[in-house]
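Number of protein chains: 2
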Amino acid sequence: MKKKIAIGIDVGGTNTAFGFVDDAGNCIYENSIETYPDKDADQLFKRLFETINSDFNKYSSEYELNGIGIGAPNANYYKGTVEQAPNLNWGFVNVLDIVKEYSDLPSAITNDANAAAIGEMIFGAAKEMKDFVVITLGTGLGSGIVVNGQLVYGADGFAGEIGHTIVDPEGRECGCGRKGCLETYASASGLRRTVYELIGITNIPSELREVGFNHLTSKDIADAANRGDKLALQAFDYTAKILGLKLADTVAYLSPEAIILFGGLALAGDLIFAPTKRYMEMYMLNIFQNKVKIIPSALPGANAAILGASALIWNELKKEK
Amino acid sequence: MKKKIAIGIDVGGTNTAFGFVDDAGNCIYENSIETYPDKDADQLFKRLFETINSDFNKYSSEYELNGIGIGAPNANYYKGTVEQAPNLNWGFVNVLDIVKEYSDLPSAITNDANAAAIGEMIFGAAKEMKDFVVITLGTGLGSGIVVNGQLVYGADGFAGEIGHTIVDPEGRECGCGRKGCLETYASASGLRRTVYELIGITNIPSELREVGFNHLTSKDIADAANRGDKLALQAFDYTAKILGLKLADTVAYLSPEAIILFGGLALAGDLIFAPTKRYMEMYMLNIFQNKVKIIPSALPGANAAILGASALIWNELKKEK
Chain A
1 MKKKIAIGID
11 VGGTNTAFGF
21 VDDAGNCIYE
31 NSIETYPDKD
41 ADQLFKRLFE
51 TINSDFNKYS
61 SEYELNGIGI
71 GAPNANYYKG
81 TVEQAPNLNW
91 GFVNVLDIVK
101 EYSDLPSAIT
111 NDANAAAIGE
121 MIFGAAKEMK
131 DFVVITLGTG
141 LGSGIVVNGQ
151 LVYGADGFAG
161 EIGHTIVDPE
171 GRECGCGRKG
181 CLETYASASG
191 LRRTVYELIG
201 ITNIPSELRE
211 VGFNHLTSKD
221 IADAANRGDK
231 LALQAFDYTA
241 KILGLKLADT
251 VAYLSPEAII
261 LFGGLALAGD
271 LIFAPTKRYM
281 EMYMLNIFQN
291 KVKIIPSALP
301 GANAAILGAS
311 ALIWNELKKE
321 K
Chain B
1001 MKKKIAIGID
1011 VGGTNTAFGF
1021 VDDAGNCIYE
1031 NSIETYPDKD
1041 ADQLFKRLFE
1051 TINSDFNKYS
1061 SEYELNGIGI
1071 GAPNANYYKG
1081 TVEQAPNLNW
1091 GFVNVLDIVK
1101 EYSDLPSAIT
1111 NDANAAAIGE
1121 MIFGAAKEMK
1131 DFVVITLGTG
1141 LGSGIVVNGQ
1151 LVYGADGFAG
1161 EIGHTIVDPE
1171 GRECGCGRKG
1181 CLETYASASG
1191 LRRTVYELIG
1201 ITNIPSELRE
1211 VGFNHLTSKD
1221 IADAANRGDK
1231 LALQAFDYTA
1241 KILGLKLADT
1251 VAYLSPEAII
1261 LFGGLALAGD
1271 LIFAPTKRYM
1281 EMYMLNIFQN
1291 KVKIIPSALP
1301 GANAAILGAS
1311 ALIWNELKKE
1321 K
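Those protein sequence lines, which keep their order, are chains A and B. Heads up: the first sequence is residues 1 to 321, going by our numbering. Heads up: the second sequence is residues 1001 to 1321, going by our numbering.
Hint data in this document are derived by calculation from the structure and do not stem from the laboratory. Please note: incorrect hints may appear among the correct ones.
To be verified - Think about it this way: if two alpha-carbon atoms lie no more than 25 Å apart in a straight line, the pair counts; the simulated SDA-like pairs of lysine to any residue are:
{"no.": "1", "chain 1": "B", "residue 1": "K1318", "chain 2": "B", "residue 2": "Q1084"}
{"no.": "2", "chain 1": "A", "residue 1": "K4", "chain 2": "A", "residue 2": "I98"}
{"no.": "3", "chain 1": "B", "residue 1": "K1293", "chain 2": "A", "residue 2": "K4"}
{"no.": "4", "chain 1": "B", "residue 1": "K1058", "chain 2": "B", "residue 2": "K1241"}
{"no.": "5", "chain 1": "B", "residue 1": "K1100", "chain 2": "B", "residue 2": "I1028"}
{"no.": "6", "chain 1": "A", "residue 1": "K291", "chain 2": "B", "residue 2": "K1241"}
{"no.": "7", "chain 1": "A", "residue 1": "K291", "chain 2": "B", "residue 2": "Q1084"}
{"no.": "8", "chain 1": "B", "residue 1": "K1127", "chain 2": "B", "residue 2": "M1282"}
{"no.": "9", "chain 1": "A", "residue 1": "K79", "chain 2": "B", "residue 2": "K1293"}
{"no.": "10", "chain 1": "A", "residue 1": "K127", "chain 2": "B", "residue 2": "T1081"}
{"no.": "11", "chain 1": "A", "residue 1": "K79", "chain 2": "B", "residue 2": "Q1084"}
{"no.": "12", "chain 1": "B", "residue 1": "K1241", "chain 2": "B", "residue 2": "N1290"}
{"no.": "13", "chain 1": "B", "residue 1": "K1179", "chain 2": "A", "residue 2": "V167"}
{"no.": "14", "chain 1": "A", "residue 1": "K241", "chain 2": "B", "residue 2": "K1058"}
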């Protein structure tokens, strides 16, 4: 009997990656193509399925394809759509309808952070958990919420936008058009903004004063902090303070067993985990204190997004049983 | 065949009310006894079941008791406990174990706001909804969250503490020992605190300047606002602004179909509903705008808490089928 695998697809603004993943989370094969985000969605999936079909040939004697899971920005699980994704010139498009033109396999789509949450539940750090939250700390702050073992999509399919809860209604300008959203503070970009605010506000000496905003990465800031740069350390502390404050709110809403940090900024390790945990406990309602773990993702970084996308369809197929 | 009814019990700091409720939400009979909150839990339930058994005699030929639902402060649904309720001198006590001494009926317990949410789902304004939030605006701010048709208890049973999300970590002192919790602003007490802050900060003339803090109720403030008192109106506007801001966060987390306002302050009607909705929309992420209703409870005020408590056990009995 052939072994069953699912296709996991991660649509990004630059590249779209895919992989063949078994139900234990082993990625048998992966590849990627350019997204060409200025063109429409149809041309991407046409090229993508040509590549997938051709690449699958060498596996087809041993494996059988079971379904297709897709992670994409601004994706709506209920409707199968991608809606006004800022880094894709697609407008409002029904992706699952397009996929049906190229494949008869069962398919499902959700946004990247929700895919990450299902990935952690099926393959990663949340295998035994019913209630947890995944926070992705990249350019922005995404989140996927799981309650009673189910992803929270809400009435319209767009639940889980913790990055757009408000820290300060008069705060930093956000890409969403409002002010003071959490992701303007707690994300790789937020950390960079904090560095430049501190450069302006304080006289703390720092190697980061040499670098222009557009040339600085969150990894540069982490490296400086690890060399003892006081301004970089203070920037991490401030980021963690805001994140800890809002995660205390998250716990008040949801009482999760764990909060899983994922993505670029989470790679800074104890620079972000230790102070975030400390501030979260400080701001937390007493009944929740010392109950909620903050842990790193257990999905292998290189293909975490593919694993998450494939987990989405594995999870759907499990529900149908 | 006898008609089936459930006992709904609402444990309060002063009185404990109970009623016999059918599965359509009709309260056949209700009564209450004093709680004597300084004494232990056992004495309350001993007296309560004496009264219940005696009162049920005249209904026993027509009705059959099916289960017992209990709403109580700081109740834990998973464990059946009440834990350190501020207005009950019970410490940590397993209420469902005590109930078993007096009755063999299936029983369940949760806190008042969760009971209200289940009441709205089974009998009230959320009958057709799978995703909604109930906010109780009384002395404090309680909340019950429903996702995918299930109440959110979280990993430890205490989820849904939206009243203790933080508006301002340097803000008003809260009874929980922290500062700036939502309930210090958006509740009957919060409205009163706002009136006195405005009396101090502004020179706005107001009839409320005649009244001492300990003598003013939220109804007095609503009455003054309805007479056009500018300070009272401004206090409602400020309350709604903070509530709307934090409900925009609630929508970002959960994308509910509706937010149901319940309890004393909700009786102020459009003084609170209209500006709360306006501010919520103003602070809300664009993808959620004009999607989420803010509506009043549809449980009859007089025995809403009893109906909610009975709904808890009706909901449990439904699950078992």
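We went through each hint and held it up to the structure:
1. B:K1318 with B:Q1084: 31 Å, violated
2. A:K4 with A:I98: 24 Å, holds
3. B:K1293 with A:K4: Not satisfied, since the Cα-Cα distance of roughly 44 Å exceeds 25 Å.
4. B:K1058 with B:K1241: Violated, at about 51 Å.
5. B:K1100 with B:I1028: 24 Å, holds
6. A:K291 with B:K1241: 32 Å, violated
7. A:K291 with B:Q1084: Given pair K291 of chain A, Q1084 of chain B holds - Cα atoms ~17 Å apart, limit 25 Å.
8. B:K1127 with B:M1282: 28 Å, violated
9. A:K79 with B:K1293: 21 Å, holds
10. A:K127 with B:T1081: Given that 25 Å is the threshold and the Cα spacing comes to 28 Å, the pair is violated.
11. A:K79 with B:Q1084: 45 Å, violated
12. B:K1241 with B:N1290: The hint holds at about 17 Å.
13. B:K1179 with A:V167: At roughly 15 Å apart (the allowed maximum being 25 Å), V167 of chain A and K1179 of chain B satisfy the hint.
14. A:K241 with B:K1058: 61 Å, violated
Violated hints for the displayed structure, listed by number in ascending order: 1, 3, 4, 6, 8, 10, 11 and 14.
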